[in-house]
Amino acid sequence: SNNINCMQKTATLTASGADTYSWGPVQTLNTNFGNTVIASPLQNTIYKVEGTLGKCVVTDSILLEYISDQNRYIYIPNAITMNDDGLNDGFRIQSKLHFNSFQLIIMNRWGEVVFQSEDINKVWYGEYKGRYAKLMDAYFYILKVKDDCGEIMERGDITVIR
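Under the working numbering, the first residue of the sequence shown is numbered 1, with each subsequent residue one higher.
There may be inaccurate statements among the hints.
[Said to hold, decoys possible] Cut-off 35 Å, straight-line C-alpha distance, at most; resulting in silico cross-link-like pairs (DSBU-like, lysine-lysine):
#, residue 1, residue 2
1, Lys146, Lys48
2, Lys96, Lys55
3, Lys122, Lys146
4, Lys9, Lys122
5, Lys134, Lys96
6, Lys146, Lys134
7, Lys144, Lys129
8, Lys96, Lys129
9, Lys122, Lys96
10, Lys96, Lys48
11, Lys122, Lys144
12, Lys9, Lys144
13, Lys9, Lys48
14, Lys146, Lys129
15, Lys134, Lys122
16, Lys134, Lys144
17, Lys48, Lys122
18, Lys96, Lys9
19, Lys146, Lys9
[As the list claims (entries may be wrong)] Across the chosen pairs, the derived CB separations fall in these ranges:
#, residue 1, residue 2, range
20, Ile161, Gly111, 18 to 24 Å
21, Val57, Gly86, 45 to 51 Å
22, Tyr75, Arg131, 24 to 30 Å
23, Glu112, Asn78, 16 to 22 Å
24, Gly86, Lys48, 34 to 40 Å
25, Trp110, Asp84, 24 to 30 Å
What the hints contain is simulated information worked out from the structure, not anything from laboratory work. Ideal placement from N, C-alpha and C gives every residue a C-beta, glycine not left out.
Generate the whole structure from the sequences, applying the supplied hints.
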């Protein structure tokens, strides 16, 4: 029913259509029998269920993702190419998380804000005041996000490669 994170520490797994059920791996389940089990993994785990109906045996599986507090799946690139090949042409934050708030600030080497957004879907293509960044320019970002598990702040640099 859900992935595991700091707010949702368990997931309910349900199967239907059979008379009996057997689940695994059992180490992180409240029980390994029955059509509904509670999972509490501490890492990404594939749960398998085997259902029996008469002489028929059917199996299925589901991947339950564990999102730890230390690694909340935020991808932050460190370079953009701006060569129109469709790969890394702009600076974009990527994440599977739902953010309650999002703030991205990009500055040039003199501390001038060249891009700012509160929308994770906005992309910076190396523009500032109608001009594009020069070959091998360096920029710096500050990312502040908040999700149900708390706040995350990241800082880093971006290299523009043309």
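Structure-based check of each hint:
About 34 Å separates the Cα atoms of Lys146 and Lys48, which keeps this hinted pair within 35 Å; it holds. With a C-alpha separation of about 41 Å, the suggested pairing of Lys96 with Lys55 is violated against the 35 Å cut-off. Restraint check: the Cα-Cα separation between Lys122 and Lys146 comes to about 17 Å, which is no more than 35 Å; the hinted pair holds. About 32 Å separates the Cα atoms of Lys9 and Lys122, which keeps this hinted pair within 35 Å; it holds.
For the proposed pair Lys134 and Lys96, the alpha carbon gap of about 32 Å is at most 35 Å, so the pair holds. In summary, the hint linking Lys146 to Lys134 is supported, as the alpha carbons are separated by about 33 Å, within the 35 Å threshold. This hinted pair checks out: Lys144 and Lys129 have alpha carbons roughly 24 Å apart, not beyond 35 Å. Straight-line distance between C-alpha atoms of Lys96 and Lys129 comes to about 32 Å, which keeps the hinted pair within the 35 Å bound.
Taking the CA atoms of Lys122 and Lys96, the gap is near 16 Å; set against the 35 Å cutoff, the hint holds. As the CA atoms of Lys96 and Lys48 are separated by approximately 24 Å, the hinted pair is consistent with the 35 Å bound. For a cut-off of 35 Å, the pair hint linking Lys122 to Lys144 stands: about 15 Å separates their Cα positions. With a C-alpha separation of about 24 Å, the suggested pairing of Lys9 with Lys144 holds against the 35 Å cut-off.
Among the hinted pairs, Lys9 with Lys48 is consistent with the structure: their alpha-carbon atoms are about 19 Å apart, no more than 35 Å. Between Lys146 and Lys129 the CA atoms are separated by roughly 30 Å; this keeps the pair inside 35 Å, and the hint holds. Taken as a hint, the Lys134 and Lys122 pair is honoured in the structure, with Cα atoms around 21 Å apart against an allowance of 35 Å. Annotation: proposed proximity of Lys134 to Lys144 holds, straight-line Cα distance about 27 Å (limit 35 Å).
Using a Cα cut-off of 35 Å, the hinted pair Lys48 and Lys122 is violated, with the two alpha carbons roughly 39 Å apart. Taking the CA atoms of Lys96 and Lys9, the gap is near 17 Å; set against the 35 Å cutoff, the hint holds. Of the supplied pair hints, the one linking Lys146 and Lys9 holds, its CA atoms being roughly 19 Å apart against a limit of 35 Å. Taking 18 to 24 Å as the suggested C-beta distance range, the pair Ile161 and Gly111 conforms, at roughly 22 Å.
For Val57 and Gly86, the Cβ-Cβ distance of about 47 Å falls inside the hinted range of 45 to 51 Å, so the restraint holds. Distance hint check for Tyr75 and Arg131: the Cβ-Cβ separation is about 27 Å, which falls inside the suggested range of 24 to 30 Å. At about 20 Å, the CB distance of Glu112 to Asn78 agrees with the hint of 16 to 22 Å. The given range of 34 to 40 Å is respected by Gly86 and Lys48, whose C-beta atoms sit roughly 38 Å from each other.
Between Trp110 and Asp84 the Cβ separation comes to about 27 Å, which falls inside the hinted range of 24 to 30 Å.
Consistency note: the structure conflicts with the earlier hints numbered 2 and 17.
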